[in-house]
Structure formats: C-alpha cells, structure tokens
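Here the structure of chain A is known, so what remains is to put chain B with the ligands in place on it, guided by the hints.
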Amino acid sequence: MAIDCLVLGAGQEVGKSCVVVSIGGKRIMFDCGMHMGYHDHRRYPDFSLISQSGDFTSAITCIIITHFHLDHVGALPYFTEVCGYNGPIYMTYPTKALAPFMLEDYRKVMVDRRGEQELFTSDDIMECMKKVIPVDLKQTVKVDSELQIRAYYAGHVLGAAMFYAKVGESAMVYTGDYNMTPDRHLGAAQIDRLQLDLLITESTYATTVRDSKYAREREFIKAVHKCVAGGGKVLIPTFALGRAQELCIILDDYWERMNLKVPIYFSAGLTIQANVYYKMLIGWTSQKIKSTYATRNAFDFKHVCSFDRSLINAPGPCVLFATPGMISGGFSLEVFKHWAPSEMNLVTLPGYCVAGTVGHKLMSGKPTRIDIDKGTKIDVRCQIHQLSFSPHTDGRGIMDLVRFLSPKHVILVHGEKPKMALLKGKIHSELGIKCYDPANNETVQVPSTQTLKVNVTKPFVKKQFSEISTHTNGKLECKSTEAWDEKKILSLLQIRDERVAEAILLMEKSKKARVMKEDELLPNLGLKEHKIELGYCFPISVQISSTRFQSNASDTTSWLHELFLKVTIEDEFNSVQEYSDHLKIGSFHACLCPKERCPLRNDELKEGKPAIYVCCTWSLNDEKLAQRVIAFMKGLELGIS
Amino acid sequence: MKLTCLSQGKGFYFPPSHVLDICGFKILIDCPIDLSTLTIFSPVPFDYNQCVEAQISSDGDSPNSSSGSFKRRRVEKYLEVSDLVCAEPWYKTALNWKLTDVSLIDVVLISSPMAMLGLPFLTRIKEASAKIYATEAAAKLGCLMMEDLVSMHAEYRQYYGPAESGVPHWMEELEALSPVLREIVLGKENTNLGHWQSMYSGCQRVHEENSDTEGAIYLSSSSFVSAHAMDFDYHSLQGNDVIIFSDFSYLHGGKVERKSVGHGSLDLSCSAYNEREAQMVPLVDSDEGSEEVDKLAFISSCIVNTVEQGGSAMIPIGQLGVILLLVEQISLSLEALNLKIPIYMISSVAEETLAFTSIIPEWVSKQRQHKLFSGEALFGHIDLVKEKKLHLFSGIWSSEFVTAWQEPCIVFSPHWSLRLGPVIHLLRRWHEDPRSLLVLEGGVDAELALLPFKPVAMKVLQCSFLSGIRVNKIQPLLENLQPKLVLFPKDLESLLASENMNSTPLLYYCENETLRVPRLSDYYEADMETDLAFQLKPKRMRERDAAMARLRGKLEIICGKYFLVSTNSSPDASQNQLLHWGSIDPDLLLAALKRKGIEGYLRKDTEIAEENYLVQVEQPAKAVIDISRTRTVISMTDNTLVANILQAIESVVDSI
Ligand SMILES: [Zn+2]
Ligand SMILES: [Zn+2]
Ligand SMILES: [Zn+2]
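Each protein sequence line maps, in turn, to chains A and B. If you count the first sequence from 1, position 605 lands on 605 in the UniProt record's numbering, and the numbers rise without skipping. If you count the second sequence from 1, position 452 lands on 452 in the UniProt record's numbering, and the numbers rise without skipping.
No incorrect hints appear here.
Calculated cross-link-like contacts (lysine-lysine; reagent style DSS-like; alpha-carbon spacing at most 27 Å):
| id | chain 1 | residue 1 | chain 2 | residue 2 |
| --- | --- | --- | --- | --- |
| 1 | B | 459 | B | 295 |
| 2 | A | 517 | B | 561 |
| 3 | B | 366 | A | 131 |
| 4 | A | 142 | B | 371 |
| 5 | A | 531 | B | 604 |
| 6 | B | 386 | B | 340 |
| 7 | B | 594 | B | 622 |
| 8 | B | 366 | A | 290 |
| 9 | B | 371 | B | 140 |
| 10 | A | 361 | A | 337 |
| 11 | A | 584 | A | 634 |
| 12 | A | 408 | A | 26 |
| 13 | B | 140 | B | 386 |
| 14 | A | 531 | B | 596 |
| 15 | B | 537 | A | 517 |
| 16 | A | 288 | B | 371 |
| 17 | A | 261 | A | 302 |
| 18 | B | 539 | B | 554 |
| 19 | A | 595 | B | 622 |
| 20 | B | 561 | A | 408 |
| 21 | B | 561 | A | 142 |
| 22 | B | 484 | A | 142 |
| 23 | A | 624 | B | 596 |
| 24 | A | 302 | B | 388 |
| 25 | A | 509 | B | 537 |
None of these hints come from the bench; they were simulated from the model. Predicted model, so just to flag it, every value in this text is computed and none were measured.
The shape of chain A in the complex, shown without the other chains:
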C-alpha cells in the first residue's frame, strides 16, 4: 500500500500550509493555514479537493496543527465552523492556548481595519478551539485503534511541534516549521531516530547556511540603540506572539543592562495578556529561560508598557512592537505611514515577508516611495533593518534532520520553488533519498512499508544473534549459542546485519505463522526425518600377508584403520574422521560391507584377487565429494607393508 500526499498549501511557496496524507487507510490533515499575501479565494487551501460531497468529518481522520502561526492555523476556524469538519483536532498545549490570540488578531485586522467581510467570527474561533485535544510532547496519542501520533519539540515558536504518525508499520513525520539551533527563548528541535517511510519538511531557507545568531542579535540591538539614541522611533511590526516575545526578551535584557529609559511599547494587539500565557507555558521554552520561573519569570517584562494611539506623534524616541507583522495592514501600517517619512526612524523587518505585503515591498530593493493602495503613496526615508536571525532552520539544519531520520522518502513544502529544487537535488545526490517538491493541489504517492505479523522461535533468534554478537566483537571465539547474552542483545537498540537468515516458515490452520530453524521443524510437528541418500558398495584390493592371516580376528577394524590412514594423508580428505566401525567425511559414510549380497553393489569382484568391500552412503549435497573419495579409494591397494 502507498502513502498519498495531497498538498493543498505551501507547495513551492510559503503560506497556507496544508497537507492531507492518506496512510494505511487513515487520512490526516497536517496544518490548516491561510496565505497572508492573498485576499481572495487563494488565501485558503482548496478544501473541495478533499471531498466532493463536503462531508469532511468522514473524509478526514484527524487534523494536526503544528504551531500557532497563521500560515499553519489561519484557516482552521473556517474549516471547522464554516465547512463543518467536526472530527478530532490535535495540537500542543501552548498552541491550543495561543492560537486563538493569533486568530482573533487576524480576524480583527481583516474586519475592523480592512473592512472585509469576515470569514469567521470570534464565536467561531471559540467553538473551534473547544474541539481541540491538547497533547504534550512525546505523549503517544491513539487517535483510534490503528492511528498513533506523537509530538516532538520543534523550537521555532512556543509550542511548535513536529508530528509523528504511525499506522501499522507505515510511519511518517510532518515537521511544520522548526529550528535546529536554540534561540533566545526556545530550545532546538529534538526528535527520536524513527523508522520513517516519509518525512515532510519545511524548506524556507533551503539553500541558506547561517552562522552564529548572536552576532546577528547584536546587529539588531545596535541598530535599535543607535536609532533611539538619535531621538528616533523604532517600529517593530510583528505578529502577536512568538517573535514579539523573543525580541522583547533581547531588548528588555539590554535595557536593563544599559540602564536605558526610552519606553518600549506593545500595541493593542500585543496585549500584556499574551505574556500571561507565556509565563504559564515557560516549561516549553529553553532550559535557561525555564529556570527563571521561581525567581523572576523571564516573561515579566520590566520595561514594557502599553501603547496608545495618541502617542504616535508624541515627541521623543521610543520602541514600538505593533501588529500585524510584515506590515500587512492594520495598526503597524498606520504607524508606518506616520513614521516612514522621517530619516531618524527605524523599521525592522523579519527575514521573510510574504509577497504582497508592504514588508515585502520594502525588502525588494530600496524604494523611496511605496504605493499602499490607489490613493495612498508614502515617502520612505526611514532606516530599514532586516532581521537576519530567523526561527527557521537553515539548509544545513534540514540536511542534518533528513540525515538523522533517514526516511525512505522526503517531501519538501513551505519554501521557494527554485531553492527547493536545489535542496531536492542535494538530498537525492548526497543522501540517496528520493525527494519531491510538489506544487499546490498536486498529489505525491510514495510506497510504504507493510508487514505481516509472524512469531519467531527463540532458537532461531538465538542462532542469528549469537553469530552477530561474536562477529561484531571481532572475536574469533566459537559461535556457541551458550554465549548468547540476551541482556547484551536487548541493550543494542538496533542490530542490522547482512548475514542471511535461513529458516522455515510454518503456517498451520488457525495459528499464527511461525519462523523457525530447519532443525526445529520436525520436532515441532512431532515427525521424524526421512533421509534420502545415495549409496555404493565397491571392492578394494588387498594383499594378504601371512602374518595378517594369523591376526584375522581384528581384520575388519585393521582394514578400516589402514583405509583411514591412506585417506587422511590426502590433503583433500584430511577432515576424515575415524569411528570404530566407519569413516566419515561430511555426510559421506564408509564401512566395511558385512553383507554377502549387498544391494548397493554392482561391480563384481575380479576372480581370485583378494579384496574387501567398502559400503558407502552420502547425502545428495556431498555427491561430488563422494565421487572423488570413491575414485581415490578404488585406486588403493591395502595390506602392502
């Protein structure tokens, strides 16, 4: 069976992340985001591709939201309350607590400021969030009897998680946005070494390799300090949560150390209320920030106060955090209009702005005049500082994650087409892993692991691993099964060996199929082996001396012994073993024939010449060996002293 990935958003672009994965008969929607750059139908994923009938609840097993950014959760209230999806929705505790903030802020911008028709109401947001089942990191959640999901820490923003999903033996990870290096308030992404058929990863910075972020933080602080020292105003457009808190920790800390008195403001969308959540959820931040909970919670900002519209044109320097980010409209745009014309002021922009936003325009070249809409043009004389640190992993981090997880297939989403193509090539050539970068509304199909459940016997496992354990230790000890140390084997999490396991699979009615060693089969069935062999009885000439005749009693054993001595000096047959009544090389068995008329005998003895008969049997395996031994023996003449 295959895994089908229908990419409804973030295919060769950043925005409206949404991938619907069909795996082992289950259908999971990963993220349900909106696109900031569009104001028409393109802002939401095309949900009609999931179900023609519009019965999304039966079409989808569950929704998993990775983090509270709008490009990952922005369409969720629309999908649940307007499209009518009523099934389970999973996200981490912080995401459940913080997503409503982002959604409400966005809704307000959409309706109050831009005057658009609202696509969902405040009540819709509340109703939608009630359906959300919160999950903790590393908690395995059984969505139903077959589907298991588990969240892993992703860094990026508070509560961001990568999600692992498993049905039967088919397993995959959807990363959402993640950061492989720790930042000011969050740790780095962490995941177990999982067996995966598929990894779907973001690729925002597919080809960028970044150096230390502390140097870049210093650049930011320097730019802000220089501006306020010169009496200018700093506008930091951000979304309500995430970057705002991260930058604020940096500034609050710097203000404290430098004893600065310039006010830092939070605009209305960034209520201090958000910090209440951050304080409670401090357990999801980096170790360093976490340890401040008992003394002074790092999210108790000392120098921050709330902003009033009347302060826009107040004299004197200040720093203002205003929503929405990327200056996509709303209050940050309003402030931008007032502050942009002065060269004393500073606007900071994130490393990435969605096409169509003012932020994007500011970043492309150095425009001196920006068209906001038909009637409004703004002269831009202020300084622009582009933040060069980002909560996303860089290209090297993506490669590290792919290498660490070594999935069978990789799908890239959440990036820019040309860069994704380069990364795709690199993953394929350097790691030898099949990689895809589908566009929106395309489906990628990858094969998945499928297995049958069987029982294996203990002796079989023992045999396989006794060989391995002695082998891996590089010891030349005998491969005794007694040496098999169960404890040692179990302590190795992963054992892979190229050694071939030979076994027999036994399938009995109404029993689970069993895999066993060949020699276990017949005892298990209560049966006896029936050997099939070849046989031949032939004469060897002997010289009978007079002394020999007298010691006639022991002739059988002495002839056999003499035969043994002749055979064993031959290099080819030196493995021959002597027993009281026969000789043995492998399965080849030879004795002096006691019978008068042996059925295996067809050469008749030459008249008059003394000879003894040697009766041989061997298994089909040793046919060639037997031929050579017989030819050799036939050429012998015994009894010559």
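This is chain B with the ligands only, laid out in the frame that chain A set:
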C-alpha cells in the same frame, strides 16, 4: 520475568516498591522512604521533657550518654515521651540495603515525587550505576521535597551536633525500645536493620542525576508511552484515579505482557502508581470526585470555624494537590465571611513549589487546564499572594516572618509526621489551646504522633484523601486494558472475590517474595516485510492442514522489535539439500517410477529387515532403492536416472 515486591507501601506517602527482572534487566520501580517511622524519634528541641533535659545537661553535651535513660527493658503498656528515641533520625526505605546489590540495578523508574525521596541513598553508593527515569514534573517536585527534607533534618543536626559515625547507639540497643517502637523499626517479621539509612547530606547528586539524564528521561517516557498501547483513555477512568499498569512488552520485541501492580484505595492502605494527572489535583466530575469535594469543603469549614472563634489552624498535610485546593477553598470561605485571617505557608521550598505548580498546565486536571486556555492562572494562590492573603515563608526564624505573624491564623507547613519542620514549634505553641485545630491525615498514628506534645487540648481532625484506585474500579479498568495477566497483592485477594474477575488471569504476589511471571508465549513476535513474504514459495503438507516455505532473509532488531526483511544475496548452491520426513509407501513409489518411465519391482531379500523394502530398477538401467522407515538409499548409477528416481521419491514423501 520476575517480580519482587519490596514493599506494598502505606498509602500516598509511601508508595509500593518493586523490582522487575526482565531477561536480566533489573528495574527498580520507585524508591520511597517510609517517613511514618520518624514517629519513633523525639522531636527537637526536647526542652519540655524535664527528665531528659536534666540528663543531657548532667551528662554534658554528648547525646550518646543519654541512652542510659532507656537501657532498661520496657514492658509498660502505655508509651511515654521518654520512650521516644533521642537521636538524629535515620530513615527507613523500601529497599533492604544489606540484601540488595544495587550495582545490579540497571534502571530505576520513578512514578511520583513521593517515590523518589529514597534515591539519594541509592546514588550515594559508588557502585550504583542505574539510569533513573522520571517525568520532568515528578523529578522537579521530588527534588523540592528532598531539599525540604534535608533542610528540616538539619534542625536535628544542629541540635545533636555532627552525625555519629557508624551505627547509631539506639540501633544497637533495640531491646531497650518499647515493643511498639521496635515493631516500627523492624517491621512485623523482619529481623534486621537493612532498610535503615542515615540522612543524605543534600540532594545535589539527584539534581545532577536528573540533569544528566534529562534527554533520556524524555526518551524513556516516550518508549513507555508508545509501549503502553494507550488504546484506553485516561479520562474515561475519571481522571484522578491512579492508573496502575506498566507494560514492558517493548523489551520483548512486541511480546504483549501487561501487568498491573498494587491496586487499592487509601482506605485499604494500599496505593498505586501515579500516572500523569493523578498526582496533582483530583477531578471533580466523578462520584468520588464529588466525595472529595465534599470532604475538602468540610475541612475548610472546620478551619474557618476555628479561626472565627479565635483559634488558629495548623495543617501539616503533604499532598500538594490537597493543599492547593484547600487554600482556594478556605480563602473563598474567608472572603464570604469577610474575615481577614492570614494564611501562611511555611516551608523552605514553599515559594518555588507554588511557582512550579503554575507552570505545569499539562499535568493538572482538565478543569484546571481550562484555566490555561482562558488565560487565567492555574491555581488561586498566585492572586492570593498578590493580594497579601497568602504569605509564603521559608522558615520561622526570619524577621519578615516575625513581623508578619499574627494570630489567629491558618498555617500550612510540613511535616505530617510531626517530627520535622515548623509544625513542631507551632504545635508546642498551640497544643494546649482548645480553640485551635490540627488537621491530620488518615493513616497517621495520631496517638504516637502527638505523644511529644501531650497534653493536647487542641482539636484534632483526621481525614483521609483518595490516593489510589477503588476496588470497584479495578474490574472496569481491566476490561478496558484487556491485559493477558494481572499481578495482584496476595493480601488483597479477598477483595477481588466480590468483584467479577473471571475474565482475567491473576497472579498474586507477597512482600519480600519473588514471583516468577510465566512466559506467555514461546515465541517472539516479528514483522515480516511484504517483499519477503512475496518471495516465499509455500508448499502444502500431505496429511495435515498446514503449509510451509523456506525463508531467506535478514533478521533485524529495531527499537526492541524484530523485523524479517528480504535480502538480495543469492542462495548458497551447496545448501540445496531438502528436508524429508514420513515414510515411503513402496507401491506408491513404484507407480511414481512408472510414470517417469522407470521399470522396477519389489525384491525380497533374506538379508533385509522386515519393515524394509528393496526396489529393484531394471529399466532404463539397473539400480536399487533401499527403503527403511527413516532412510532411503539409492544405489549409484547414472545421473539422469538418479535425478528421475529422486523426483519420483519427492512426489510420494513430504519435503521442504
Ligand atoms: Zn511558523
Ligand atoms: Zn510557516
Ligand atoms: Zn555393501
């Protein structure tokens, strides 16, 4: 697998402790201290006992010499204050340190903060190398409790001076102890002191231990969770009930072997392993939840009545969840009555503990989690502290405390044994005040605990809180979990008799005995890749409803699970010998030979045994087939004929 029950525990404060031996892996489950045994010691300072004080002063500063006071053998019926041991306390753990080789323990699993108080005893042994796993929240709360324990114990150290080296004098003179105390020391049957340890100097090492293994803590909890087969919903079990099953099947490569250990409610004085929300705050939506709510409301009303009448209330309860709820409840009642009575919380870790409870939304009950999602603080104490209704102090010796102190008041302070912490000083202040109230927990021997504070005129309210699963919940739980086997404490066997338990096989275990848990299967479960399955060429058996196939693949272990996967390597040509079984019917063989164009007949020979046959082949060449019950030999002849004869034989006998 073997289970050794070290201790069945004594409720919330002394959870059960077990050692599991799985294929040679030794896993210690929980490492608690039985703090109820502290009652044998006399609290310090001991100045209200004139007799002993006189002795200490007359014998100089050495506490050793005071042992003379209890050298005579006691036979009296009633205990007196002077019967208590005047020495720096030692601590009794579940583990017998004399009988256990701790270097053999591979892993320690900690299920609740209470269950880790004995860990420093383990980690201070050089040979101990076990990895310790706990959830982050349990580890943090447990460390806070250890810190508090160490700081409270320090008061004894201050009083008695530096610790005695070696075994304390009272242990060497056990016969001098009163029988009641001696039984506490030795247990009912036990006759040695192997469970006793002197106090650790601090929990620094445990701290390190935790930070060292933090990554591993997560890892392990994840594998456990994944192995849990959590097809059961904790919340359907009505939350506060403690879930008690542990599943180690992942070690067996998928062999399902679930077991439940140690059930019982507090009333049965048998507690269980705490999982997730169990330790924090009881839920409200179940029947026992509402019972708990009623109980808390009653206690709260008693406390409020007390302060209304000018008395003070002392609440030395150790269950954090109960404390948090009581604080909220009491402050609401006080507010309703417009009473301005201060609530004090006095403990060296009070502030940090409360701060920690407000940052672990994942671990609180669903009702509390709603507070997170609506942006409110998880517990009322944050606002109460801000409004100066709740005051946190690290001890009673600070000047801030002295300034803030006013009576009547309500004090939450350790320790419930009444032998450690600020509670000793406050009881000495209030014990003769009939208006004051002491709230004790059920399970505490109030008579013994209060002995040093006699005469006691203050009211004592003793109540127990739910901290385990109720017997009537066991059956629904097992129904939900569908375990293959359940291990259950032997002495609780009769409790199950009334329950309808016929569906689940039960094994009973006893304290200090090792129970061998039978293997449920002789096999390991493995996953065979479909690629490999498609390569198989199954063959039916002649006389049975079975089929079999030769299998060539690779056996791999990934995360404790076995996988059979296909291999590209070509089979070894020399290994093409088939395995045959059964006997050959000579008539069938002759017919089969005929079909191949081989003519032969049965030859009787005097030299052949009765059950053997000789088939003489004449055409196309001469050959003999010598058939016995377990062996057939074909005389050497030309290769084509041999091959044809073999094919004929294959068609009349089973082979693979
Ligand atoms: Zn994001
Ligand atoms: Zn994103
Ligand atoms: Zn012969």
